[in-house]
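Participant: Read off the chains here:
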Amino acid sequence: MLKRVGLAVALLLALFGVPRAELQETLVFQEDVASGRLPKIEDRVPNDPEVAEFETTGMPGGELRMLMGGPKDTRMMVVYSYARLVGYTPSLNLAPDILKSIDVEDGRIFILRLRRGHKWSDGHPFTSEDFRYWFEDVAQNNQLSPLGLPISMLPQGEVPRFEVLDETTVRYSWTRPNPLFLPDLAGPSPLYIYRPSHYLKQFHQKYAEKATLDVLVKQANQRNWAALHNRMDTMYRNDNPNLPSLEPWILKTKPPSDRFVFERNPYYYRIDEAGHQLPYIDRVIFSVADSKIIPAKTGAGESDLQARYLRFDNYTFLKASEQRNDFKVRLWRSGPGSQLALYPNLNVNDEIWHGLVRDLRFRRALSLAVDRHEVNQVIYFGLAIEGQNTVLPQSPLHDPEYRSAWARFDVHEANRLLDLIGLPRRGADSIRQLPDGRPMEIIVENSGESTEQSDVLELIRDSWRRVGVRLFAKPSQLTLFRRRVFSGETLMSIDKGIENGLATAAMSPWEFAPTSQQQLEWPKWGQFYETKGTAGEPPDLPSAIRLKELYEEWLAAASQQEQTRIWHDMLQIWADEVFSIGTVAGVLQPIVVNAKLRNVPEQGIYNWDPGAYFGIYKPDGFWFDLSETRAKSASVDASPSVPR
Amino acid sequence: MLGYLVHRILIMIPTLIAISIVIFTIINLPPGDYFSTYIAELRSSGEAADLAKIHFLQAQYGFDRPLWEQYLYWVAGFLRGDMGYSFAYNLPVNQVVGDRLFMTFLVSFTTILFTYLVAFPIGVYSATHQYSWTDHALTLLGFLGLATPSFLLALVLLYLANVYFGISIGGLMDPQYINQPWTLAKAFSVAAHLWIPVVVIGTAGTASMIRRLRANLLDELQKQYVVTARAKGLHPFKLLFKYPLRMALNPFISDIGSLLPHVISGAAIVSVVMSLPTTGPMLLDALRSQDMYLAGSFLMFMAFLTVIGVFVSDLALAALDPRIRLQAGRRR
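So the protein lines, in turn, are chains A and B.
Residues in the first sequence are numbered consecutively from 1, following the working numbering.
Residues in the second sequence are numbered consecutively from 1001, following the working numbering.
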């Protein structure tokens, strides 16, 4: 597939690359260029910049205000900007982005070609040395990276061979396919395999002079050079204003602060068809406020583009404020496989329950006894998609049967299954009894983060009552909640469904196999896989073992057909076995957009990976259409924000 | 007196050590540490954590060491003026706290001033006009302030201020002034935002102060020296302010002890609701995310201020009220 991508890009370049529009100097840089403080635009963009196509060609300028919940949220700029070596397109294909092209042989040899003349935000060239520095001096330095190379670069523990072919070409090769490499480079929190070496070398023991470095360490109040290097090297966290970057907007505010200003990168690698250097918007401003007050602030028109910390139940309030504050509320689909799903803990300690949750009939019966239509109507105004916790209709792997398997509301059948297991109904309230005589009471624990979970549980409680099962909701605290699940104290939990409802065959199916302790349905099996057998328990259900084998097959699969086949096998098992009980999916996410902001899609997917929230829609192409208000805006020059 | 001073100062040392042990223990009581909380938090929002970096930080800050060793490390740093490192902010604690102290001080000081300005006249008035209808009306007003949940009042005022005056919601100034040098416009913007938290936090405090002042003053007003002074024809105002009111002030002086840390910590809940850039929300966040050095050092700082405050208020009381001074002298 990637070969085809490379080809497509070559084709695109042939079409647009040569006779393109003259480059135009950006307004805010004109003065600096005239005085010689900044090179001319021809010398700032790469020799072969990425030419972006947008719905509308915009005008540079303006300021985009957003609201964030805490100082750590500066990383959201990196997520939203979505400048990656390779990235997903809105149709979920991988395409080179920062890279000019990428060649993949047999899924195991990757040749990465940079753009000639591409520069960091401080004007220093971006070359293969930046890749070498990371691979040799950061990732394999045991003081800086005690864990060594990241997992996605170690297929079955194999370290790649890294070669610098020339100033703008590098090659990574393994002896077996590594399907995790490219998706990880394209992630919202990406694998960074390069670093601004010219900047970071001053903090590296190998390159810096000891005396100078010691002074720097002391000044920064750090313990040693490695801590200092790690403090300065925050490409994802994005809290070091001095760190050179390839992003469209660069942090200009030194933390701590409640307001973070990001200014346009004069050396950005993308231009539009009219020859404007992107991004269109000059400055992005993050105002930090408590996350609970953000919907109110958004409603008051204090954000130009907001989705974070807005929830579906804010929709009516936001819609009511639309007129007053000149913004539009759009509804995008969210990406998880299920908004909320119940996870019977297959590793629960209690022996009786342990046997029951492993009984397929039991899990199916509980799933049949959930009235998803009611949940949808009562809590989500009937706008969500009812069904199991699996891939969404937008995913190429989608099959309606995966979603509808054991997802109808059928009290009769559920009762029949439970009777078959031998759980008699006793007493005046006709609650079923466990084999040891205890009443059948299921405590569903949650992280206590939202009232949404309790509302859904309240509805499920009523329908489960009809099959003789009593449900108690127990809100807990985030860390404690997970710990109790991990240790097997929790019988059942409720949490978000699978993260990647938009999966394609090329994306890892890890969420469907016991591969991580974080999986609430089989934490100990996941831990066993994660720790390579030193902790946790080996999976002992045949279906779970099969899922794990399939996952390992996927890791070794070389072709897309094979990957697709494995995916479907896994989804089928997942649907039959009801390892998690899904409720509804595709709950709508309100997106507040300033009425003058252009190129933000009307319909979209709001998802973490793939998606990077706004990232795949490329916010560097968003622009403010001030044509109607230009006359007015001249008089309100005092306010630095874009006039509403 | 000098012996008393030295004694009081020396006793502060074991007090502070005890407090530091209690703080450190309580912060470490919940399961997990900052990093496990952080990973869980990221997971719940669907993000993956950079495990390599987390592993690095855990090793750097000795999370694998026994607790007492971590404690000693923290205390030793404290003595050198190093308050530790905030993981959430990725900065030394000094910088994180320092940034917010001024605004906290501004809010708290204005609030205290507001409380005094409202509570004093009302308290004096309702004591001198006991059981009159104005006394009842003013007392009712005070109780209303006490009984209204302050976070609710905060939300209502925020909404009204936004809709009718166009003041941005939450915070202490319009966003464009943050990190800018002080100008008249900025000061004006701060003033426009400041009144809501001041009124909200202030109203909650006025009732108790009115009641206390009223009760104290009533006690004094019935004493014989007041009757004598009045019989001798002293002007009512001079009588009131020179003698009974001064006596009634004692409890307020002893309040300074708790006032000092209060000025620094601010009213946490209201600050969270209104998203004020003060230390209250910061402390709450630090405790919730188990950012232990930030939470611990800040609590320690507050404990230190409390100890100092109590000391100062004791001294002030002794200076103001000869009776206390005499008794202290007699005991020694």
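To be clear, the hints were calculated from the coordinates, so they are not data collected in a lab.
By construction, the Cβ of each residue, glycine as well, lies at the ideal position given by its N, Cα and C atoms.
Some clues are possibly wrong.
[As the list claims (entries may be wrong)] In silico lysine to aspartate or glutamate, DMTMM-like type, Cα no more than 25 Å apart, as pairs:
{"hint": "1", "chain 1": "B", "residue 1": "K1186", "chain 2": "A", "residue 2": "D32"}
{"hint": "2", "chain 1": "A", "residue 1": "K292", "chain 2": "A", "residue 2": "E452"}
{"hint": "3", "chain 1": "A", "residue 1": "K474", "chain 2": "B", "residue 2": "D1219"}
{"hint": "4", "chain 1": "B", "residue 1": "K1053", "chain 2": "A", "residue 2": "E530"}
[What the hints assert, rightly or not] Anything over 10 Å on all C-beta distances counts as not near chain A; from chain B, calculated:
{"hint": "5", "residue": "Y1004"}
{"hint": "6", "residue": "A1018"}
{"hint": "7", "residue": "T1037"}
{"hint": "8", "residue": "R1043"}
{"hint": "9", "residue": "W1074"}
{"hint": "10", "residue": "Y1125"}
{"hint": "11", "residue": "L1146"}
{"hint": "12", "residue": "I1178"}
{"hint": "13", "residue": "W1182"}
{"hint": "14", "residue": "V1272"}
{"hint": "15", "residue": "Q1290"}
[What the hints assert, rightly or not] Pair ranges (Cβ atoms, derived):
{"hint": "16", "chain 1": "A", "residue 1": "E55", "chain 2": "B", "residue 2": "L1101", "range": "16 to 22 Å"}
{"hint": "17", "chain 1": "A", "residue 1": "Q323", "chain 2": "B", "residue 2": "D1219", "range": "56 to 62 Å"}
{"hint": "18", "chain 1": "B", "residue 1": "V1022", "chain 2": "A", "residue 2": "R466", "range": "49 to 55 Å"}
Participant: Would you mind marking each hint as holding or not holding in the structure?
Facilitator: Hints, verified against the model:
| no. | hint | in the structure |
| --- | --- | --- |
| 1 | K1186(B) x D32(A) | 29 Å, violated |
| 2 | K292(A) x E452(A) | 15 Å, holds |
| 3 | K474(A) x D1219(B) | 52 Å, violated |
| 4 | K1053(B) x E530(A) | 18 Å, holds |
| 5 | Y1004 | 40 Å, holds |
| 6 | A1018 | 28 Å, holds |
| 7 | T1037 | 5 Å, violated |
| 8 | R1043 | 6 Å, violated |
| 9 | W1074 | 14 Å, holds |
| 10 | Y1125 | 38 Å, holds |
| 11 | L1146 | 24 Å, holds |
| 12 | I1178 | 4 Å, violated |
| 13 | W1182 | 15 Å, holds |
| 14 | V1272 | 6 Å, violated |
| 15 | Q1290 | 8 Å, violated |
| 16 | E55(A) x L1101(B): 16 to 22 Å | 48 Å, violated |
| 17 | Q323(A) x D1219(B): 56 to 62 Å | 59 Å, holds |
| 18 | V1022(B) x R466(A): 49 to 55 Å | 51 Å, holds |
Violated hints for the displayed structure, listed by number in ascending order: 1, 3, 7, 8, 12, 14, 15, 16.
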